[in-house]
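Going down the list, the protein sequences come from chains A and B. Just so you know, we're using the working numbering here: the first sequence kicks off at -7 and counts up by one. Just so you know, we're using the working numbering here: the second sequence kicks off at 379 and counts up by one.
These are computed hints drawn from the structure, not numbers from a lab. Since this is a predicted model, take the numbers as computed values, not measurements. Watch out, some of these pointers could steer you wrong.
[Claimed, not checked] Examples of chain A residues lying across from chain B (beta carbon under 8 angstroms, computed): (1) V10; (2) V12; (3) L13; (4) D19; (5) L22; (6) E29; (7) L34; (8) V39; (9) L72; (10) E92; (11) G101; (12) I105; (13) A110; (14) V112.
[What the hints assert, rightly or not] Taking lysine to aspartate or glutamate pairs in the EDC-like style, the calculated list, with each CA pair at most 20 angstroms apart, reads: (15) A:K3 with B:E407; (16) B:K471 with A:E29; (17) B:K380 with A:E(-4).
[Claimed, not checked] Here are the in silico distance ranges between beta carbons for each label pair: (18) A:P27 with B:G437: 19 to 25 angstroms; (19) A:S(-5) with B:M379: 53 to 59 angstroms; (20) A:R1 with B:V473: 23 to 29 angstroms; (21) B:R412 with A:Q97: 44 to 50 angstroms; (22) B:V434 with A:L34: 38 to 44 angstroms; (23) A:R87 with B:T422: 28 to 34 angstroms; (24) B:A415 with A:A28: 41 to 47 angstroms; (25) A:S2 with B:R477: 30 to 36 angstroms; (26) A:Q93 with B:Y472: 36 to 42 angstroms; (27) A:V80 with B:R418: 33 to 39 angstroms; (28) A:L103 with B:N479: 20 to 26 angstroms.
The beta-carbon is built from N, C-alpha and C at its ideal position, and this holds for glycine as well.
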Amino acid sequence: MTSESARLRSKTWACSAVVVLANVFGDFSLKRGMPAELPTPLSYITVLFRPWVALGVTLLVLWLLSRMTLLSWADLSYVLPVTSISYVLVAFAGRWWLNEQITPQRWVGILLIVAGVALVGGGSAPQTFGPQSGERS
Amino acid sequence: MKWLLIGIIIAATCVGEVLQAIGMRRHGEIADFRPCALGRAASTLARNWIVIASVVAMGISFFAFIGLLSFTDLSFAVPVTAVTYVFETVLAKYVLKERVNWLRWVGAGVVLSGVVLVSL
């Protein structure tokens, strides 16, 4: 039972790391390649062929798939807080690589979001439902 | 335009994530990470209409997000969409029947206050 929970724990952390990194670099790449405006519906499609946007989409597909994989055994209310560190990392990406001006008020807001998301999953186990039977424990 | 796009993102994300959680839970834990087993899991999931609907909702959310991202800062667009956590906590309790204790409700309230600060 101990090795089973250790296996679940390391699998959960590895998968969570992929989810977070794919999310942060995906969002960054999208913004990096995005033009200042998308005037027509067609421009929403053509923009997907810009290299940075295409990379961003690829990373966000990886994000979606890794997140679905994680959700196959972990509660949504566990996945949310663990992956919330993305908000801070995205803000740093905007600040360092995109030269965005982040006001102190916005930093406080971002930290409150992370704190709040951590509380949403506070003290919860990786799962609250049985993996084999689907029964609630 | 900005708030319309944010509204679309929030609605589509919430619907998509709840459907995704239902669909994946119905599929069961993915335990085998060998490529052919992952391929089998993917082909099973591709025929699961709940998973398909969740991907469609995520797609709508994505296009609204790139629309928003084209004229706002990354450090505005990403945190402001965190308000979905508040709605998802409600949906986790009432649709997914997860046990949501008071700490999680406090957390949802703190997320909401953070989003308000970011968007002001």
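Interface restraint verdict for L34 (chain A) against chain B (beta-carbon cut-off 8 angstroms): violated, 12 angstroms
Taking the CB of V80 (chain A) and the CB of R418 (chain B), does the distance hold inside 33 to 39 angstroms? At 37 angstroms between Cβs, range holds.
Report holds or violated for the interface hint on V10 (chain A), using the least CB-CB distance to chain B and a cut-off of 8 angstroms. Nearest chain B Cβ about 12 angstroms off; hint violated.
Starting from K380 (chain B), check that the Cα of E(-4) (chain A) is at most 20 angstroms away, please. Roughly 47 angstroms between the alpha carbons, so the hint for K380 (chain B) and E(-4) (chain A) is violated.
Check whether the Cα positions of K3 (chain A) and E407 (chain B) lie no farther apart than 20 angstroms. Roughly 12 angstroms separates the two Cα atoms, so the pair holds.
Cβ separation of R87 (chain A) and T422 (chain B), checked against the hinted range 28 to 34 angstroms: violated, 42 angstroms
Going by Cβ atoms only, is E92 (chain A) closer than 8 angstroms to chain B? Because about 5 angstroms separates E92 (chain A) from the closest Cβ in chain B, which is inside the 8 angstroms limit, the hint holds.
Holds or violated: is the Cβ of A110 (chain A) closer than 8 angstroms to a Cβ in chain B? Holds. Min distance 7 angstroms.
Is the interface hint for L13 (chain A) satisfied, with its Cβ closer than 8 angstroms to some Cβ of chain B? For L13 (chain A), the interface hint is violated, since the closest Cβ of chain B sits about 15 angstroms away, which is over 8 angstroms.
So does R412 (chain B) sit 44 to 50 angstroms from Q97 (chain A), Cβ to Cβ? holds, 49 angstroms
Holds or violated: the 20 to 26 angstroms window for the beta-carbon distance between L103 (chain A) and N479 (chain B)? Distance hint for L103 (chain A), N479 (chain B) holds at roughly 23 angstroms.
Holds or violated: 38 to 44 angstroms for the Cβ distance of V434 (chain B) and L34 (chain A)? violated, 20 angstroms
Checked against the numbered hints given earlier, this structure breaks hints 1, 2, 3, 7, 16, 17, 22, 23 and 25; the rest are met.
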